[in-house]
Structures are given as C-alpha cells and as structure tokens.
Amino acid sequence: MLKELYLIPVALYIFSYIPLLFKDKKMYKVFVSLIYAGFAFQTLIFFIFLSIKGLTVPVHIDRFVFFNAWILMFIVVLFGLFYKVEYVLLYITPLVALNLLIGFFVPHVHITPVMLNVNKTILLTHIVLILIGDSLFALAFIVSLIYIFQERKIKNKKNLKLFDKKGIQLKEALHSGGGYNLELLDNINYQCLKIGFPFITLGIVMGIYLSGSLSRTFMAVKPIEIMSLITWLIYAILLHERVAKGLRGKRAAIFSVAGFLLILFSLSFSFYLFPAFHGLK
Amino acid sequence: MDILIIGLNHKSAEIGERETVSKKLLTIELRRDFTNKLFDMKDENGRPFIKEVVVLTTCNRSEFIMNLSSWTQGKGGHIIKSYIAKYFFGDAAEENIFYMHLNEDAVRHLFSVASSLDSMIIGEPQILGQLKEAYNEACKFKTSGRFLNKLFHKAFNCAKTVRTETRIATSPVSVSYAAVELSKKVFNSLDEKKVLLLGAGEMGKLTVKHFIKYGVRNIYIANRTKENALRFVEESFNPTEKEYLNVIDFSEYYKLLPQSDIVLCSTGSEDYVLKYADIIPVIKIRKQRPLFLIDISMPRNIDPEINKIPNVYLFDIDDIGKMIEDNMEIRKQEADAAKELVETAVKEFMNWKESLNVVPVIISLRNKVKDILEIELSKYIGDKKEKDLIINSLTNKILHEPTMLIKKASANPEDISSIETIKALFNLDSEDFTDTDKGKENENVNKYIKLIK
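Note that the protein sequences, when read in sequence, are chains A and B.
Each residue of the first sequence is one higher than the one before, starting from 1 at the first, in this note's numbering.
Each residue of the second sequence is one higher than the one before, starting from 1001 at the first, in this note's numbering.
Okay, chain A solo, but in the shape it has when bound (with noise of 0.2 angstroms):
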C-alpha cells in the first residue's frame, strides 16, 4: 500500500516544528528546510501515483485527499519563495499534514461510481482547477487572517515590537523575509483572488456542465450548485470591488476569509453531509 508513505512528509513536517522550539535563526532554516524535505517527498509520491495510474482521475478517496494536500503545498511554496514569506509555511504546513493524515487513516474506496460515467477529462479539469482556486483561497485565508490580527496590533498599537535585527527570539526568526508587513499580506490576498478566480469560474463552469450531462438537464438547482454560486459570487464581488472601487487591507481580509469559510462549508456540505448532491452516488 502506498499510504503509508503519506507518513514520511507527516513526520516531516511535524518534526520541523522541533527546531523551532530552540528559538535561534539557524534553527529556523532547518525548520524551513525540514518542510521543503516534506513538500519534496510528497511531489515524489505524487509521481509515484502518476507512473502507476497514468494521468487519470483520483478515484479513491485517500489519493484525492493527497493530491488536494499536494496541490495546497506546491502553491503555499511557490508563494513562499516568490514573495519571500516563508513564515506562511509555518500556518500552512498543519493544514497539509491533517489533510495527509487523513489521506492515511480514511479507507481505500471508491468515491465516484456515478461520475465515472462523465467525459473523464473534463472531470479531471474540473478537479484541478477546483483545487488550484480553493488552495489559492486557502492561502488567501490564512494570510487575511494574518493580515486581520496584524493590522489589529497596528491599530491598538499593542504587543507590537519594533524588529530586532540582530535579535535571536522567535517572534524576530519569523520576521525573516518580507516580515508581517500589510502590504504585502494584502498584495498575496489580492493575487490569489486575482488567479484562483479564473480556475475556481473555469471550474464551477464544467461543474455545473458535468452535472448537467448527468440530470441530463441544464442547471438542475441542487444545494451544491447553490452554494458554489454563491462562494463564486462573493469572490466576483470582491474582486470587482477590489478592481473598481479599490478594496483593500482589512475589508477585502474579511471578506476571503468569509468566502474560504464558506468553501469549507460547502465542500463538507457536499461530500460529507449529502453526498448525493455532488453526484457521487
């Protein structure tokens, strides 16, 4: 089996948090080269599934749990380097380490029997860029929340310490990098709604033409189309607010944060709670 090398970045990535406990700026890089270890293992596997089964549609429901972790950890590391704010991995990394263990614990069934009988491309486009826009939005979740508690210090002008260049204390080692400053917490918030947007509209589009295929009806109202649209709404509001009107800093947090939410809850809603409605069974 191969799940149980999903416990090779899990141990990974819950032993970086060790050094971290040492509070001293090495220790912090062997915290940050602990979890890029981690990402590295997991984009091993991720080439392990693909020589295996080829390029096909995740069908067990501990490979799609993997390759949403997988996805979520390529984006947060690309976002990492590029805008030099390694201290996201540190919020990120929980996430993707619960979404592997889950990966391990949660049986090795078949999740899809109905839509197997859908044009397997678009299924599998629709998976992906479903997954690249809500792991876009989950960035975008946890800096605003960054950005929300941040700006909050700022305002009260509480528990805010002036950087310590030479300093040796944690709070310091995660200040390395462009720091926690609003800008750009605010500049990242607005370049995932900016990308994750297409792929989430392109994905909610082939969503709806894929359930379509299936009712054999156009946009037969079910809860999930319902809830998709209204997540994409608030997504559109926000980034037309954003574009026209110059939303930003703490409103435009607020409002990922609300929009990542209710992603949450409507991809519980659809595959814990009425499985049915997502098609799959």
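Errors might be hidden in some of the hints.
Computed cross-link-like contacts, BS3-like style, restricted to lysine-lysine with a CA-CA straight-line distance of at most 27 angstroms [unchecked claim]: (1) K157/A - K1397/B; (2) K1284/B - K155/A; (3) K1397/B - K1379/B.
Restraint ranges, calculated between C-beta atoms of paired labels, are given here [claimed, not checked]: (4) S51/A - Y1244/B: 53 to 61 angstroms; (5) I8/A - E1241/B: 38 to 46 angstroms; (6) Y17/A - N1238/B: 46 to 54 angstroms; (7) K84/A - P1299/B: 38 to 46 angstroms; (8) Y17/A - I1280/B: 27 to 35 angstroms; (9) L95/A - K1308/B: 33 to 41 angstroms; (10) F22/A - N1238/B: 38 to 46 angstroms; (11) E1241/B - K84/A: 25 to 33 angstroms; (12) Y1244/B - K194/A: 32 to 40 angstroms.
By construction, these hints were calculated from the structure, which means they are not laboratory data.
None of these values were measured; they are calculated from a predicted model.
The beta carbon of each residue, even a glycine, is placed where N, CA and C say it ideally should be.
Dock chain B against the given chain A, drawing on the hints supplied.
Below, chain B without anything else, positioned relative to chain A:
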C-alpha cells in the same frame, strides 16, 4: 600614577548646571585654557598635581580624565575638585554636583561611559565617537601621554567588545529610527513611497535622514515659512540627500496628501494641522491604499481620531515612546552582561597599571646588580665593550626569576610582601623609587616596557 576622573552628568547635575559647565568648554580655546589651568595647579613644593588630562564634554556630561603625578596624594583629588567647582561656578561649594572616581573606580567609570552603560539612553552609539574626539583633541595638544593613551585605547576596545558581544545597541531606541521601523510594518518597500514632512524641526530632520537611508527617494517638505524650509534643507542635509528633497508651499500640502504614503508632522502649531474630516476624502482618492501618519510634535498636530479610519495608521510621540521603553528594557537586561565584560577589561587594565608601580624596583635592582658586577669584573676584564656585554648578559640571567616574581607580585596584592623581601635582600633604598621629574619617570617606563617585552 593615579587615575582621577572628576565630572558631572545627567544623574548628578541639573540641565542648567550642565549647561554652565559646557558653555565654558564650548570651544577648543576654552578647553585648552582650562587644561592649562589644571596643569598649573601645584602642591606646596611647587610640583604639578596633574601629568595628563583629557576633557570630555557632551550634552549630557562633562568629564576630566586625569593622570596624577606620583606625589599627588589623597587630598590632591579634593583640591582639584574644589578648583574645578570654583572655575565653573565661582564657588567651591558647588563641588557636590561633581563626582570623583579614583583608580579602579575611575577605570570602571570610563569603560562604562565608553560602552554607553552610563548614558541617558543605554547603548546609544554617539558617546564613543565623542570620547574618541576628546581623546584626539588631547593627543593633538599633547595633554595626553603614554598612560592615558593606554587607558583610552583599552576603553575603546572594551566598548567594541560590549557592542559586538551583547545586544545592547540592537533594538531601536530613537524616535526617528522607530518611525522608520514602524512604517516597515505597514509598507513592503519604502523605495517607491512618498514622504511628506510638515514642519522643519530637528526631529523631522533626523527622521527624514533615516527614511533616506532606508530607500525613500521622494520627500516633500512643507513649512509655514518657505524660506525657513529652504534654509533647513540647505543646512541640515548633504548634497546627496538634498537630491531627494522638494520644498513646497505650506498651502499646497493638502493637494499632495493623496499621493503621500507617509506623513511626518513636526510643526509648532498649537492646533491640529490634520483633522479627521481632512483625511476621509484623502483615503477615498487613495483608493484605500494605506496612509501612515507620524505625529512627532508636541502638542499633537494630528487629530488622534484619524487612527479610526480604515487603512490609516497614526502614531504619535507617546505611542513611539512606549515602544522605545520596551526596547530600553531589553537594553537594560543586556547591560548586566555588558557590565561583566567591563569588569574583565577593568581587571586587565588594573593588572597592567599595578605592574607599572614596580618599575622603579626592577630598575633599581638591575642597577644594583650591574654596579656589583661592574666593580668585580673590572678587576679581570679591561675591554669595556666585552665587559658591558658580560654584565648585561649576567644581569639578565641572574634577575630573570626575581623580575618575574616582582611582576607576579604586582598583579596580586597578597604577594606584595615578596617585593618588600626583595627590597630588603638587596638593600634597595626606598628613596630610589620616588620620581623627581616627569622625564625620568617616562624613561623608566620605557625601560620597563623594553624589559617586559
């Protein structure tokens, strides 16, 4: 050879008293005049009290670091102190505001001052530069000699060690630096940002200089009197800095607000220059781009309510002051570690100083042995050159162990009886150790330094 420091600082004297002293030491001529007067102080036998002196004067302290003549005994220090009080205040009764440190205490004090442990703001870097300037001036006018040279170089080394081995100077504690650090919490990069300075004061100058240092290239300065702003730029900034500065009419500053990312307010106005209602339209025009306001004026010139507007961040002098206090706390903690380093340096210097006290004993001992050898060898060796060679060689061989013992004893007060024993054994006359003139003492020190090499 005693080290004496007499001075006053922010702890011992009020600002007015410090001003009185610093005014009388303001120029090189005044300081020269004062040091000459110190050198002219003589005891009842007409011998000068002081051999070397360095005058340190800063906004927070005035200190006179002196190397006393060997005959200047305990009460000499008090005589000098009374004289200094009388010189500056016309009344010797004022001497209470001066502190006095002798020998080890004086060395400890100087090293602490150099390491910025005695400063009003612990860890501030200026004091070391001021101390170096004072020392250079003393060297230039030859009021500092071999002994104070050694003392000051040790003090500079000690300060360097403290700065590199502790975090005493790392956390920002100046308002200007803190303002830049705070702006970096809001903005990702300062390179493209526009800074608007309202008012042309000292604090504004320092903050603008810091912003330039951190990459800001567009700075606009508005002052109620444009001529003052132009003069302020001319006098306060170097040619490179001036390239980034633009002076505008005060009436135009409001038009510039929407394009400004950082606004520094440092005017002398008694009322708010920026009001809540002024900023609401500005932030709309800015499309909610963050606006960072720093109010370093007293009374405040920016309405504190402005901080409630989304994407506007206002810090006044009190907010920055509180943050500086936190960093001060870090520095105070580091000061304990720094004091240990100072203590080690003091010990090293005192050991060196104590070793100098035995120079006359060693010289006298060598002379005694050389005299005996001269008398005895003259009977057998006629060639003077050959005889001197043998005398020197034998003296070195015979006295190697006793010299080492004396040196060791000088570093350890418990072994001081060994020196007395050597004196008794060789019947060394105590009068031989009293210097009669400065030249002879220096000569002896030189001889000793050659010996211990």
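Look at the Cβ atoms of S51/A and Y1244/B and judge whether their distance stays inside 53 to 61 angstroms. Holds, at about 58 angstroms.
Is the gap between the beta carbons of Y17/A and I1280/B within 27 to 35 angstroms? violated, 45 angstroms
Holds or violated: the 46 to 54 angstroms window for the beta-carbon distance between Y17/A and N1238/B? holds, 49 angstroms
Between K1397/B and K1379/B, does the CA-CA distance stay at or below 27 angstroms? holds, 21 angstroms
Does K155/A sit within 27 angstroms of K1284/B, going by the straight-line distance between their CA atoms? holds, 19 angstroms
Hinted pair, alpha-carbon criterion (27 angstroms max): K157/A, K1397/B. Please report holds or violated. Judged against 27 angstroms, a Cα distance of about 74 angstroms means the pair is violated.
That 38 to 46 angstroms hint for K84/A and P1299/B (C-beta), does it hold up? Once the Cβ atoms are compared, 41 angstroms apart, the range 38 to 46 angstroms for P1299/B and K84/A holds.
Honestly, do Y1244/B and K194/A meet the 32 to 40 angstroms range at C-beta? Distance hint for Y1244/B, K194/A holds at roughly 33 angstroms.
For the hint 25 to 33 angstroms, verify it against the beta carbon of E1241/B and that of K84/A. holds, 29 angstroms
If you check the beta carbons of L95/A and K1308/B, does the distance land in 33 to 41 angstroms? About 34 angstroms separates the Cβ atoms of L95/A and K1308/B, which means 33 to 41 angstroms holds.
Okay, F22/A versus N1238/B on CB: inside 38 to 46 angstroms? 44 angstroms Cβ-Cβ, so the 38 to 46 angstroms window holds.
Is it true that I8/A and E1241/B lie within 38 to 46 angstroms of each other by Cβ? Because 56 angstroms falls outside the window, the suggested range is violated.
Consistency with the previously given hints fails for numbers 1, 5, 8, ordered from lowest to highest.
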